[in-house]
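Student: Residue numbers (my numbering), protein chains in the order written: chain A, 138 to 355; chain B, 138 to 355.
These are computed hints drawn from the structure, not numbers from a lab. Incorrect hints may appear among the rest.
Pairs involving identical chains hold if they fit within one copy or between any two copies, as the list cannot separate such chains.
As the list claims (entries may be wrong) - List of simulated lysine-lysine pairs, DSS-like, C-alpha gap at most 25 Å:
| # | residue 1 | residue 2 |
| --- | --- | --- |
| 1 | Lys354 | Lys339 |
| 2 | Lys339 | Lys231 |
| 3 | Lys150 | Lys139 |
| 4 | Lys339 | Lys139 |
| 5 | Lys354 | Lys231 |
| 6 | Lys339 | Lys150 |
| 7 | Lys354 | Lys139 |
| 8 | Lys150 | Lys354 |
| 9 | Lys231 | Lys142 |
All of these numbers come straight from a predicted model, not from anything done at the bench.
Protein chains: 2
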Amino acid sequence: MKHYKQSDLAQMKDRERARFVNCLSGFKSANVIGTRDRRQQDNLAIVSSVVHLGSNPPFLGFVMRPQSVTRHTWENIEESGVYTINHVGESFFKRAHKTSARYPREQSEFDACDLTPEFMDGFHAPYVAESSLRIGMQLVEIIPIQHNDTALIVGEVRWVDVQEDVVQSDGYIDIEGLGTMTISGLDGYHSTSRAVRLSYAKPDEELRELHINGETKG
Amino acid sequence: MKHYKQSDLAQMKDRERARFVNCLSGFKSANVIGTRDRRQQDNLAIVSSVVHLGSNPPFLGFVMRPQSVTRHTWENIEESGVYTINHVGESFFKRAHKTSARYPREQSEFDACDLTPEFMDGFHAPYVAESSLRIGMQLVEIIPIQHNDTALIVGEVRWVDVQEDVVQSDGYIDIEGLGTMTISGLDGYHSTSRAVRLSYAKPDEELRELHINGETKG
Numbered sequence: 138m139k140h141y142k143q144s145d146l147a148q149m150k151d152r153e154r155a156r157f158v159n160c161l162s163g164f165k166s167a168n169v170i171g172t173r174d175r176r177q178q179d180n181l182a183i184v185s186s187v188v189h190l191g192s193n194p195p196f197l198g199f200v201m202r203p204q205s206v207t208r209h210t211w212e213n214i215e216e217s218g219v220y221t222i223n224h225v226g227e228s229f230f231k232r233a234h235k236t237s238a239r240y241p242r243e244q245s246e247f248d249a250c251d252l253t254p255e256f257m258d259g260f261h262a263p264y265v266a267e268s269s270l271r272i273g274m275q276l277v278e279i280i281p282i283q284h285n286d287t288a289l290i291v292g293e294v295r296w297v298d299v300q301e302d303v304v305q306s307d308g309y310i311d312i313e314g315l316g317t318m319t320i321s322g323l324d325g326y327h328s329t330s331r332a333v334r335l336s337y338a339k340p341d342e343e344l345r346e347l348h349i350n351g352e353t354k355g
Numbered sequence: 138m139k140h141y142k143q144s145d146l147a148q149m150k151d152r153e154r155a156r157f158v159n160c161l162s163g164f165k166s167a168n169v170i171g172t173r174d175r176r177q178q179d180n181l182a183i184v185s186s187v188v189h190l191g192s193n194p195p196f197l198g199f200v201m202r203p204q205s206v207t208r209h210t211w212e213n214i215e216e217s218g219v220y221t222i223n224h225v226g227e228s229f230f231k232r233a234h235k236t237s238a239r240y241p242r243e244q245s246e247f248d249a250c251d252l253t254p255e256f257m258d259g260f261h262a263p264y265v266a267e268s269s270l271r272i273g274m275q276l277v278e279i280i281p282i283q284h285n286d287t288a289l290i291v292g293e294v295r296w297v298d299v300q301e302d303v304v305q306s307d308g309y310i311d312i313e314g315l316g317t318m319t320i321s322g323l324d325g326y327h328s329t330s331r332a333v334r335l336s337y338a339k340p341d342e343e344l345r346e347l348h349i350n351g352e353t354k355g
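Bound conformation, chain A alone:
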């Protein structure tokens, strides 16, 4: 094992430290966030920080930096109060990564990156037609993380659109079956393999392996 002290991290060059520290949290979710401003200008941004906050009410969060390349997304969410979260799939992950480039405000990343905006009836923000799992979100709260000038965007799920055959009867969604990708660091993209579900853990019981549908194996 190699040991890195705080001073070792401090002495790294900025880009090296960014690559290193971005790998520490483990695998990240891969989503693109769709937004639209008042003048119908669309925006799409890849985000690797979407995180589950609670299931009742159904809340998801993600981390943003107000002054970063994703500032148009931030401003559109503040202005409209809605956004979409779209799983990044194997079929379009390179186009999704390209949304991280610094496009001017008047250019839609949907156009620039060859992705298709579509709309759910009455919902202001565009979703990504290429995605197999899309979520309509309503902004609940923007919580500042003052120590490092970021914020947690907290939202409530308003609707979910998902390929029907991957939703199991017990509620589990086979996102591996959807081809949803996962991200490492700033630029690593991975497919997953060999899903195993495990039974609910209790102190005095052996764990059981479950099939995707939640039934005990063997």
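With chain A fixed as given, assemble chain B onto it according to the hints.
Tutor: Showing chain B alone in chain A's frame:
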């Protein structure tokens, strides 16, 4: 595609909704959090919400519910101000999942789940010997998410211990090479495959595929 409205989610049974909504964020990080209280009582808890907050200073966050099964972890972090984050690897993910059972406070999950606590010189919280990437964390701030009674635990990286051969010269850590797992929903465990790195995106440049070490392919 199947469409779920807000009212469809509200009508699900609690466990079904929990399984469904926990899959929506995409793939999650798989980590176990090691803590120790003042009386040297250790605790270990699996957490799927660790998220990158920033690289300079190096900040990681994770989401906790004060009254949940992880309340001992919460209390130990408040009391001692330190904790470890340990990547869950293929070799011990079932033992890591077992830490989610409701053990009594006086029982260490290290013992109950057959995992090995070890200590970094002068650092109060135990790390997991079986893990190939362990991080010593100092609590910075606990930020309440009032709308759903959870909190974001914000911490700063104090040290990192990682298998040396996976750290690339540009700073990227090959966590797929480490065997780090990723989680879907409440109970799905996955290995990853076929890492691809992509070049930094710029508006007028084609993306390039990179080797693990950051060099352009082909």
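Student: Now tell me if each hint is right for this structure.
Tutor: These are the hints, each one checked on the structure:
In this homomeric assembly, Lys354 and Lys339 come within 25 Å of each other (Cα to Cα) only inside a single copy, at 18 Å, whereas the closest approach across copies is 48 Å. Proximity of Lys339 and Lys231 under a CA criterion of 25 Å is satisfied inter-copy only: 13 Å between copies versus 42 Å inside one chain copy. When the C-alpha separation of Lys150 and Lys139 is checked against a cutoff of 25 Å, the pair qualifies only within one copy, where the shortest distance is 18 Å, while the shortest distance between copies is 47 Å. In this homomeric assembly, Lys339 and Lys139 never come within 25 Å of each other (Cα to Cα): the closest approach is 36 Å inside a single copy and 34 Å across copies.
Taking identical chains as interchangeable, the C-alpha atoms of Lys354 and Lys231 lie at most 25 Å apart only when they sit on different chains, with a minimum of 15 Å there against 36 Å within one chain. Taking the shortest alpha-carbon separations for Lys339 and Lys150, only the inter-copy value of 21 Å comes in at or below 25 Å, while the best intra-copy value is 46 Å. Taking the shortest Cα distances, Lys354 and Lys139 never come within 25 Å of each other, neither inside one copy (39 Å) nor across copies (28 Å). For the homomeric pair Lys150 and Lys354, the shortest alpha-carbon distance between copies (24 Å) is at most 25 Å, but the shortest distance inside one copy (49 Å) is not.
For the homomeric pair Lys231 and Lys142, neither the shortest alpha-carbon distance inside one copy (35 Å) nor that between copies (30 Å) is at most 25 Å.
Going through the hint list in order, the structure does not satisfy hints 4, 7 and 9.
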